[in-house]
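Novice: Numbering (my numbering), first residue to last: 137 to 444.
Don't read these hints as lab results, they were simulated from the structure.
Just so you know, even glycine gets a beta-carbon here, dropped at the ideal spot from N, CA and C.
Fair warning: there could be bad hints in the mix.
[Stated by the list, open to error] The following label-pair restraints were derived from C-beta to C-beta distances:
1. E330 to R205: 21 to 29 Å
2. A332 to R296: 20 to 28 Å
3. S384 to P229: 24 to 32 Å
4. A357 to G387: 43 to 51 Å
5. D255 to K329: 29 to 37 Å
6. Q278 to G387: 24 to 32 Å
7. S363 to T203: 21 to 29 Å
8. S234 to T366: 29 to 37 Å
9. T203 to A361: 48 to 56 Å
[As the list claims (entries may be wrong)] Straight-line C-alpha distance at most 30 Å; calculated DSSO-like pairs for lysine-lysine:
10. K260 to K211
11. K233 to K360
12. K293 to K360
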Amino acid sequence: MHQAAQREHSDQQRAKRLSRLLVCAAAVPVMLIAAGCSSDSGSDDGAGKDTTGPGATTSADATAAPTVRAAAYQKLPEPCAVLSKKTLTELVPKGAKSGKEGTSSDTASRGSCSWTSLDNNGVKGSQFRWLNVSLLRFDSSQTQGEGDKLAAAYYAKQVREAQSVTGAKNAKSEPVAGAGAEATAVRYDLKKKEGAFKQQTVVARVENVVVTIDYNGAGLAGEKAPSADTLTKAAEKAVKEAVAAVTSANGTGAGGSSGSGSGGASSTPSKSPSKSASPSASKSAAKSDAKAPAATASSSASAAADKS
Numbered sequence: 137m138h139q140a141a142q143r144e145h146s147d148q149q150r151a152k153r154l155s156r157l158l159v160c161a162a163a164v165p166v167m168l169i170a171a172g173c174s175s176d177s178g179s180d181d182g183a184g185k186d187t188t189g190p191g192a193t194t195s196a197d198a199t200a201a202p203t204v205r206a207a208a209y210q211k212l213p214e215p216c217a218v219l220s221k222k223t224l225t226e227l228v229p230k231g232a233k234s235g236k237e238g239t240s241s242d243t244a245s246r247g248s249c250s251w252t253s254l255d256n257n258g259v260k261g262s263q264f265r266w267l268n269v270s271l272l273r274f275d276s277s278q279t280q281g282e283g284d285k286l287a288a289a290y291y292a293k294q295v296r297e298a299q300s301v302t303g304a305k306n307a308k309s310e311p312v313a314g315a316g317a318e319a320t321a322v323r324y325d326l327k328k329k330e331g332a333f334k335q336q337t338v339v340a341r342v343e344n345v346v347v348t349i350d351y352n353g354a355g356l357a358g359e360k361a362p363s364a365d366t367l368t369k370a371a372e373k374a375v376k377e378a379v380a381a382v383t384s385a386n387g388t389g390a391g392g393s394s395g396s397g398s399g400g401a402s403s404t405p406s407k408s409p410s411k412s413a414s415p416s417a418s419k420s421a422a423k424s425d426a427k428a429p430a431a432t433a434s435s436s437a438s439a440a441a442d443k444s
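Let the hints inform the model, and build the full structure from the sequences given.
Specialist: In structure tokens form, the structure reads like this:
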């Protein structure tokens, strides 16, 4: 009986060991399957993240900004030398040598020059003339756009301002041929305390440069008023010479006329064309500063001279 109890105990021990073996054997496939799944998952993740192949595209390539076309003109002529001696003698007969250059912190982008003429005929009165030339060059920039489009926007603004002068009478506008890509002459009469003035403003654009001619005249102290037609014709001649000087300053072949366009100029030009100049205001006009905000990040900017 004692031996039977021992055999029963031994059988129970063997049953327990067999049970443990079966449990362990069942657990092995589960571990292998889990390991296999883990390995496959890692392989897929690596393949999805591979950006080193020949066709890989970086985010920088996808967001690269388009290239802006460079401005045609890179410099300006000396503002007091854009008109010939003959032309100055016609426009300001008593002041052909009186040219006063406006101050500018960037002469490659903006400049101006003014002349004053007073032909005193004693008791018969006198003839007054005032002439101002302003040059403004725009550079191309990645943020503001192409220089010629910026210049076109400023050109249009100058014309609009000349056409909306307070107190102007008998206003008339007309296109001017042969003066760059586009040009407009605006003329009107303006009454001042010294007398009745005939004002001419001619604005022209050649590529990325805007040229503005302001020219006025008056018969004072009983002298006959000058002819508006004659003054306008003289101003148009002056703007054509100034445009030619800009082209020449940039060398042969730098030129051509680009379309007018109305670019999205973000810079705001400083001053409108001068409305009129009188003998009492001519000195301050001669000292005017050709101030204008930069049209680009590279310091190209606006520059019509402060005028009377």
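Novice: So, for every hint listed, does it hold in this structure?
Specialist: Evaluated hints:
For the hinted restraint 21 to 29 Å between E330 and R205, the CB-CB distance of approximately 48 Å leaves it violated. The hinted window of 20 to 28 Å between A332 and R296 holds, with their beta carbons roughly 24 Å apart. At roughly 26 Å, the beta-carbon separation of S384 and P229 lies within the given 24 to 32 Å, and the hint holds. A hinted range of 43 to 51 Å for the beta carbons of A357 and G387 is consistent with their spacing of about 48 Å.
A C-beta distance of roughly 20 Å is found between D255 and K329, which places it outside the suggested range of 29 to 37 Å. Between Q278 and G387 the beta carbon distance is about 26 Å. The supplied range of 24 to 32 Å therefore holds. The hinted window of 21 to 29 Å between S363 and T203 is violated, with their beta carbons roughly 51 Å apart. For S234 and T366, the Cβ-Cβ distance of about 21 Å falls outside the hinted range of 29 to 37 Å, so the restraint is violated.
A hinted range of 48 to 56 Å holds for the C-beta pair T203 and A361, which are about 54 Å apart. Note on K260 and K211: the hinted pairing is violated, with a Cα-Cα distance of about 46 Å set against a maximum of 30 Å. Between K233 and K360, the direct Cα distance comes to roughly 25 Å. Compliance with the 30 Å bound is thereby established for this hinted pair. Taken as a hint, the K293 and K360 pair is broken in the structure, with Cα atoms around 33 Å apart against an allowance of 30 Å.
Hint compliance for this structure: hints 1, 5, 7, 8, 10, 12 are broken, all remaining hints hold.
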